[in-house]
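First to last, the sequence lines map onto chains P and X. First residue of the first sequence? That's 1 in full-length UniProt numbering, and the numbers climb one at a time after it. First residue of the second sequence? That's 1 in full-length UniProt numbering, and the numbers climb one at a time after it.
Treat the hints as calculated values from the structure; they're not laboratory data. Only a predicted model underlies this, so the values are computations on that prediction, with no experimental measurement involved. Treat the hints loosely; a few may be bogus.
Copies of the same chain look alike in the list, so a pair counts if it works inside one copy or between any two.
Claimed, not checked - Taking lysine to aspartate or glutamate and the EDC-like style, the derived pairs with C-alpha atoms no more than 20 Å apart in a straight line are:
id	residue 1	residue 2
1	K198	D346
2	K198	D232
3	K131	E73
4	K44	E329
5	K353	D232
6	K131	D158
7	K365	E130
8	K83	D300
Take a look at the letters that make up each chain.
Number of protein chains: 2
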Amino acid sequence: MNAHASLFTCQATDGSARAGTLITPHGVIQTPIFMPVGTLGTVKSLDPHDLYAMGAQIILGNTYHLYLRPGDEMIARRGGLHKFMRWDKPILTDSGGFQVFSLAGLRTITDDGVEFSSHIDGSKHFFSPEKVIAIQTNLGSDIMMVLDECVPYGADHDYTAKSLKKTTAWAKRCRAAYTRGETGNQLMFGIVQGGFFKDLRTQSAREITAIPFEGYAIGGLSVGESKREMLDMLEHTTPLLPSEKPRYLMGVGAPMDLVNGIRNGVDMFDCVLPTRNARNGTLFTSLGKVNIKRAQYREDDSPLDPHCSCYTCRNFSKAYLRHLYVSRELLSYRLNSIHNLHFLLDLVKKARKAIFEGRYEMFYKHWQTIYPE
Amino acid sequence: MNAHASLFTCQATDGSARAGTLITPHGVIQTPIFMPVGTLGTVKSLDPHDLYAMGAQIILGNTYHLYLRPGDEMIARRGGLHKFMRWDKPILTDSGGFQVFSLAGLRTITDDGVEFSSHIDGSKHFFSPEKVIAIQTNLGSDIMMVLDECVPYGADHDYTAKSLKKTTAWAKRCRAAYTRGETGNQLMFGIVQGGFFKDLRTQSAREITAIPFEGYAIGGLSVGESKREMLDMLEHTTPLLPSEKPRYLMGVGAPMDLVNGIRNGVDMFDCVLPTRNARNGTLFTSLGKVNIKRAQYREDDSPLDPHCSCYTCRNFSKAYLRHLYVSRELLSYRLNSIHNLHFLLDLVKKARKAIFEGRYEMFYKHWQTIYPE
C-alpha cells in the first residue's frame, strides 16, 4: 500500500472518545485496544492460541529484554519475532528506554544515548536512537517506538526540561533512521514526555508532533503519581495530539485508567498489570476486584465473573481457582492470566461499542461505580 | 451394568504383550495405557483441554495430597474430583501410602495403619485401610488403590516379609470396606509387593490375587534398583497375575520401561517422570532424548521431534523452546509437558497397534536402539 495513505481511520466519536481502525503490516487493529505485554516473546504463561482465543489483536514485545536474550539478530535470522513466537497478528515493540532508565545505578545517560549494564550478566551495552530502531527493525514489529527518557516521578522542572530536549532530539534521529515505505514497512510512533509540568507537556507535544510519525504516545504517566495527577496530565496532553493519528497511553492498564483514557481520546494501551495481578491472584471482574486466595472462595462453585465468557470462567469455579492458587500450581498463572486479559479486551470492546452507540458517558459512569477511585 | 460382568477384555496378544479394553464409570480405556499424574487436581502446567487434545484416556490423582489440600470432603461437596477439575474421563487414585511412607521420620507404621505429619503444616493424621478407601470414595475416582507398604530399596528379607503380611492384611480390609456394585461403582486394584525377593513376590502375588479385585498392580519397583533388577522382578511377577484382569506397573514411565513392561504383559503405567523431566528441559523424542538447554539448539528452527504431531512440535522450533527454557518462561513448562506426555501416549498407542499386528518384537527392538539401557 501507499506509504502516504491514511493508516488510521476514526470511525466514530462520542465526546473526546473515539473508535477507529489502524492498518499495520500484520493486519487491522480495531481501536480502542489494550495490548497484552509479551516481554520475552511470550505473554507470560500463555501461548498464541490462548491470545487468539481471547480476541487479542496486538501484543507488545520488550526491546531491552529481547535484545539481551535471545538477541535481536538471532530473532532476525529466524525471520523476525512473529515467526519466532508463532504470532501472526500485529506486534508493537517499545524502544527499551523505559527498562534501561529503570536500571538505576547501572546506566549513564549522555546526549548520544544511554550506556547500561545487562541485568543478566553485567555486560556493557549502548542504546542510541539509531541502535534501538535497528533492533526493532531486526525484531520486525509492526509498530516501533522512539527512544525517549521517561523522567522519574518527582523530577524537578529543570531536570525535566533538559530531559525533554534529549527526548526531542532522539525522536528526530529515530525518524531519520527509518522511513516507512523506503526503509521498510514498519510504523513508528513518537512519544510525548514532560513529566508533571503542563508547560513542558505542551512543549513536548509541539516538538514531537512536528515530526511526521504514524502515531503519538503519551509517556511518563503511571510512574508513581496519584490517579488525579495522571488524569490531569492526560486531559492536558491528549488534545495537543493530532486527531488524525492514533494515540497511545503507555504503561497503563487498570480498568478505570482505560475507561478514563478512552474518554480523553486515547486509542491504545499496554500494561503488565493484568498479567502480573493474575499471577498474584488479583482478578478483575464486572463486579469489581476478586482476591482469589481469600477463604470466602474456598467452596464457591460459581465462576470468577458471571458475565465473562473467557475459557477460565466457562470452565472453572472460584473454589478450583483458589485451590490452584493456594497450591502454587502452574495452571493457576495461566487460567488467571487468561481471565484478566480477556476482561480488559472485553472492556475496550464494550467501550468501542458504546462510542458507536453514543453512550460512552453512561458506560463511563457504570464503570466508575464498579471501580471507584 | 452388571457388577460381575467382565470389565477387562483382552483383544489381542503377541507373546506376553496384550492389547485390551477396560470399562470404568467414566468410559472405556484402551490398553496398554500411560496415565499422566495430576497430583493436586491438575497435571502440572496443563488444563483438561491440553490432556484431551493429546489423547490422554485416564489420569492419576494423589490421595495423600488431595486429602491434605483442598481436602477430600471439600472435593466430595463439589461433586467429586472429576467435576472439581473439569476432567470427564477416568481417574485412578493411589492410596496415599507411597507418599506417606516417603515421609521418613514423620510417620509411624503400626499394624492398623500409619500415623504421619502433614508436610504442609505438621498436623497429625492417620491413614488406615478403611480411611484411604473412604477418602478415595470421596474423591470419586474410577479406580481406587489399596493401602500397601512400598518397602524401600535395600530392605532385607526379614523386614520385607513382615511388611508383606501387613500389605496383605490391609488389602483384605480395603476390599471389605468397599464392594463394587454394592457400596458404589468404583473399581479397586490390589497391589503386589515383596521387594526384590522372588519368594516374597510369589507369596504376595498368591495372597493378593486370592482377593477378588478388579485389577492387580505391581508396586515397589523403580525405587532405586538397576534396570536389570526391575526387569528381573517384572518377568518373575507378571506371570503370577491373572490374565483376565488388568495389570498395572506403578510409578514407571521411562520410554524403555513402558516398552519392556508391555512386553511382559503390563497394561497400565503412571509416572511423574515425563512431566518432571519436561520442566527440567529433558524431552523424549523418536530419535532419543533432547536436553533443550544445550547451545546446539540455539538457532535450530526444526521441531523437537520431526515425527511428532503434538501441539508443541506442530507449532514451535527448538530455538524457541530453548529460549523459553533458558528464560525460565512459564510457557516452557507447558509446551515441554505437552510434548513429553504426547510422546508416551503415542508410544503406547503404537505398542497397541504393534500387538494387533503381531510385530511387537520388532517394535521392541526398534525402541531398544533408540533408548539403549
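For this structure, which hints from the list above don't hold up? 1, 5, 6, 7
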